[in-house]
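Add chain B to chain A, keeping to what the hints say.
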Amino acid sequence: GENVEQHPSTLSVQEGDSAVIKCTYSDSASNYFPWYKQELGKRPQLIIDIRSNVGEKKDQRIAVTLNKTAKHFSLHITETQPEDSAVYFCAAISDTGRRALTFGSGTRLQVQP
Amino acid sequence: GAGVSQTPSNKVTEKGKYVELRCDPISGHTALYWYRQSLGQGPEFLIYFQGTGAADDSGLPNDRFFAVRPEGSVSTLKIQRTERGDSAVYLCASSLQGTSPLHFGNGTRLTVT
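In order, the protein sequence lines correspond to chains A and B.
19 is the number that the working numbering gives to position 19 of the first sequence; each next residue is one higher, with no gaps.
Numbers given in the working numbering equal positions in the second sequence, counted from 1, plus 1000.
Just chain A, with the same shape it has in the complex (with noise of 0.2 Å):
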């Protein structure tokens, strides 16, 4: 079955500054990569999502990139705001086989003011 690794496990950065997060999976017919925020208590809320026959995707201040030949796709939140600290974590789904989302560990972001 589908297997997603995610890295780093903890990433500080400051204020304004970029943080990247990076995926990789193992079935090559998985064919959509959603991420999900998760405050502290909170459920896991869907901030962008990219389907295999795209390369990258932005949204404002958030972008994902994807590599098919590697099986690796990445976050890109710009311009890092306080509020941006959180869990993320990124998912992976094909068409065929387990037809649920198979998600990565998660990555707690930590923005400094």
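Since the hints were derived computationally from the structure, they do not count as laboratory data.
Don't take every hint at face value.
[Claimed, not checked] Quick list of in silico lysine-lysine cross-link-like pairs, PhoX-like style, CA-CA up to 25 Å: (1) B:Lys1078 - A:Lys42; (2) A:Lys71 - A:Lys22; (3) A:Lys71 - A:Lys42; (4) B:Lys1015 - B:Lys1078; (5) A:Lys22 - A:Lys57; (6) A:Lys42 - B:Lys1011.
[As the list claims (entries may be wrong)] Just so you have them, the derived chain A footprint on chain B, three or more residues with Cβ under 8 Å: (7) 1016–1028; (8) 1105–1112.
Quick reminder that beta carbons are idealized off the backbone N, C-alpha and C, glycines included.
Same frame as chain A, but now just chain B:
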């Protein structure tokens, strides 16, 4: 429109007892998922429903865990003979179809004493 609703929000039970956790998905969402999240970990897949049927229950850890969705809407996760290792946050999510964005509920925090 309301989001995914889970009840109870917290459940404390004694080892060996039976518990039921309820999920009310977003209206019209045919896909429903149960995940389990332990502290500091990503959501771990348990079971996926498409309509009334369990399309994939390969994530259920053992036969003490069972889930139903009799009318294709509300789902109940049932855990028999609870063990301390079952303590976690149980998250429910729904989507329009298999690879559409997942919308999570706030979860049920289960504590087995």
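Evaluation of the provided hints:
1. Among the hinted pairs, Lys1078 of chain B with Lys42 of chain A is consistent with the structure: their alpha-carbon atoms are about 23 Å apart, no more than 25 Å.
2. Distance restraint check for Lys71 of chain A and Lys22 of chain A: the Cα-Cα separation of roughly 11 Å lies within the 25 Å cut-off, and the hinted pair is therefore satisfied.
3. For a cut-off of 25 Å, the pair hint linking Lys71 of chain A to Lys42 of chain A is broken: about 30 Å separates their Cα positions.
4. Annotation: proposed proximity of Lys1015 of chain B to Lys1078 of chain B holds, straight-line Cα distance about 14 Å (limit 25 Å).
5. Among the hinted pairs, Lys22 of chain A with Lys57 of chain A is consistent with the structure: their alpha-carbon atoms are about 15 Å apart, no more than 25 Å.
6. Taking the CA atoms of Lys42 of chain A and Lys1011 of chain B, the gap is about 16 Å. The hint holds against a cut of 25 Å.
7. Figure legend: the segment 1016–1028 of chain B, annotated as covered by chain A; annotation inconsistent (0 residues with Cβ-Cβ distances under 8 Å, at least 3 required).
8. Given as covered by chain A, the segment 1105–1112 of chain B passes the check, having 3 residues with a CB less than 8 Å from a CB of that chain where 3 are the minimum.
The earlier numbered hints that this structure contradicts are 3 and 7.
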